[in-house]
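Asks: Sequence:
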Amino acid sequence: MNEKIVVFGVLTAWYLGRYAMLRLRNQSTRHLLLSFVLTTVPFQIGIPLVTPTYHTMPGSFTAKLFFSIPMLAILIMLVREKNTRIFYTSRDERWVTLVLILVLISFCNPNNYALWGTGAFAWLFITCIVFIRLVANNLNPVEILEGFYESFVLLCVLQAVLAVCFPLLGMVSVTRLFQVGGEEWSTRNGSRPGAVGVFVHPGNLALFTMMASCFFQACYLTNLKKKVSLALLLLNTMTIVLTYSRTSYLTAIVAQVAVYYLYQNADKPLVSWKSVFLGVLPTIVLLYWIIFISPLSSNFLASNADEMYQARLDHWQIGLAIFREAPLLGVGLNTHLEYIVNNVQLIKIIHNEFLTTNPIHDIHIVILAETGIMGFALWIIFLGYSIHKAKVNIAANNNVVFSLTHIGIIVCFVFYGITDWSPLSHSIFPLFLFLTFLAYKFSFDPRYFPSTTFPPTKVPRVAHVTHAIASSQPS
Numbered sequence: 001m002n003e004k005i006v007v008f009g010v011l012t013a014w015y016l017g018r019y020a021m022l023r024l025r026n027q028s029t030r031h032l033l034l035s036f037v038l039t040t041v042p043f044q045i046g047i048p049l050v051t052p053t054y055h056t057m058p059g060s061f062t063a064k065l066f067f068s069i070p071m072l073a074i075l076i077m078l079v080r081e082k083n084t085r086i087f088y089t090s091r092d093e094r095w096v097t098l099v100l101i102l103v104l105i106s107f108c109n110p111n112n113y114a115l116w117g118t119g120a121f122a123w124l125f126i127t128c129i130v131f132i133r134l135v136a137n138n139l140n141p142v143e144i145l146e147g148f149y150e151s152f153v154l155l156c157v158l159q160a161v162l163a164v165c166f167p168l169l170g171m172v173s174v175t176r177l178f179q180v181g182g183e184e185w186s187t188r189n190g191s192r193p194g195a196v197g198v199f200v201h202p203g204n205l206a207l208f209t210m211m212a213s214c215f216f217q218a219c220y221l222t223n224l225k226k227k228v229s230l231a232l233l234l235l236n237t238m239t240i241v242l243t244y245s246r247t248s249y250l251t252a253i254v255a256q257v258a259v260y261y262l263y264q265n266a267d268k269p270l271v272s273w274k275s276v277f278l279g280v281l282p283t284i285v286l287l288y289w290i291i292f293i294s295p296l297s298s299n300f301l302a303s304n305a306d307e308m309y310q311a312r313l314d315h316w317q318i319g320l321a322i323f324r325e326a327p328l329l330g331v332g333l334n335t336h337l338e339y340i341v342n343n344v345q346l347i348k349i350i351h352n353e354f355l356t357t358n359p360i361h362d363i364h365i366v367i368l369a370e371t372g373i374m375g376f377a378l379w380i381i382f383l384g385y386s387i388h389k390a391k392v393n394i395a396a397n398n399n400v401v402f403s404l405t406h407i408g409i410i411v412c413f414v415f416y417g418i419t420d421w422s423p424l425s426h427s428i429f430p431l432f433l434f435l436t437f438l439a440y441k442f443s444f445d446p447r448y449f450p451s452t453t454f455p456p457t458k459v460p461r462v463a464h465v466t467h468a469i470a471s472s473q474p475s
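In terms of our numbering, the sequence shown opens at residue 1 and continues consecutively.
Calculated from the structure, these hints are not laboratory results.
Hints are not guaranteed to be accurate.
The list that follows gives simulated cross-link-like pairs (lysine-lysine, BS3-like), each with its CA atoms no further than 27 Å apart [stated by the list, open to error]:
(1) Lys268 with Lys441
(2) Lys441 with Lys226
(3) Lys226 with Lys268
(4) Lys4 with Lys64
(5) Lys441 with Lys82
What follows is a set of in silico ranges between Cβ atoms, one per label pair, in the way DEER data are often shown [unchecked claim]:
(6) Phe382 with Phe107: 18 to 28 Å
(7) Pro48 with Pro110: 38 to 48 Å
(8) Trp289 with Asn137: 44 to 54 Å
(9) Ile126 with Val79: 13 to 23 Å
(10) Ile350 with Asn137: 40 to 50 Å
(11) Gln317 with Leu383: 23 to 33 Å
(12) Pro48 with Asn83: 23 to 33 Å
Ideal Cβ placement from N, Cα and C applies to all residues, glycine included.
Produce the entire structure from the sequences given, and follow the hints as far as they go.
Replies: Next comes the structure, spelled out in structure tokens:
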């Protein structure tokens, strides 16, 4: 807890300094509170309000209810801002309603052995949505983009410095600065070292850096601070390499290719021979080179790869066993670990304590096990519709940065989520919610803006919500 207090104090001092500097220059400070909240997310700063006791951590979000930085920001905005409506329905927020329905079903689910686990997820989800609602209702898109940009610059530079310190320079002490357990997981229990940055595990650092890279790539493509965005893309590439995360190498390539391809071909059919020859095949060749030929191939063909693959297979087996016992509604959001230790039949097939103390390393299997066919079907629909919605808006020159970023993040969650649960963690999931909310909030509904109405002439896709920043600051 002491290190969290220090981090909170340092970040508060940094942003107060930024506030004073911008005021002296007569520049806007509206984005700073958003930037501050975003910057604190990876540090997981919060005060536990409720700490229930279960046999194990019930799910990836634990069962604790925290007073978090977004909650503090909500209180500040309710006092400071004019538009403080937080209870309303909106067409572009129907996905929020569906998640809340799944939460309600989970509370009523007879298979739910950890109601506080579901409560912890609901608490986090509602807190994040209320905060980003207030942000979207009171800040204009330019201010919001500036908040994300400033936060991601600060975080990515810090992560890169820490990645150089360890593993490159062997300064193990930096892995203990921000998270308990960082030193242990930075070496993956002695099997393979990797950078952790301000996170507890290399996988979390890699996933955050990939998400930020998608944002900077979107900024670069739309001429938003182009030189800085390119420099940060290169810096993030170094950070990802130093995590020595196998899945991250592959996911980062797929995500970057997807963002670039959809930016260039948003007004074309998603599935075509062109997409196969210009997108899929080159990506497959590049992935083959990385896995079997490149200097990084030893990470895939040697090290502890076989052991990790077997651990994933064991987790998938457990997750599918849970699904078979509760196929329709699952066992409740954020509860699958507690269900395992309370189920005699599942305990019989457990041969490793790791399987009961760590969430299933596949977010898609987690969703299937915890929400059943109903929740999993909604997840698949959400993924497909999100890409379709983003594609339509990119082609229409609307909300391009957040739409491109959202496509990249969806790709990261789909591919990286197959082998890890970090997408469903306190240090990553809030950022996913914020970016998803904004991608939907500022986008056209595809039903009322069909692709057949796009102008035939191709124009540079600089989103109208980014133009003010791009034109007012040097690249």
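Asks: Quick check: which numbered hints come out false for this structure?
Replies: 7
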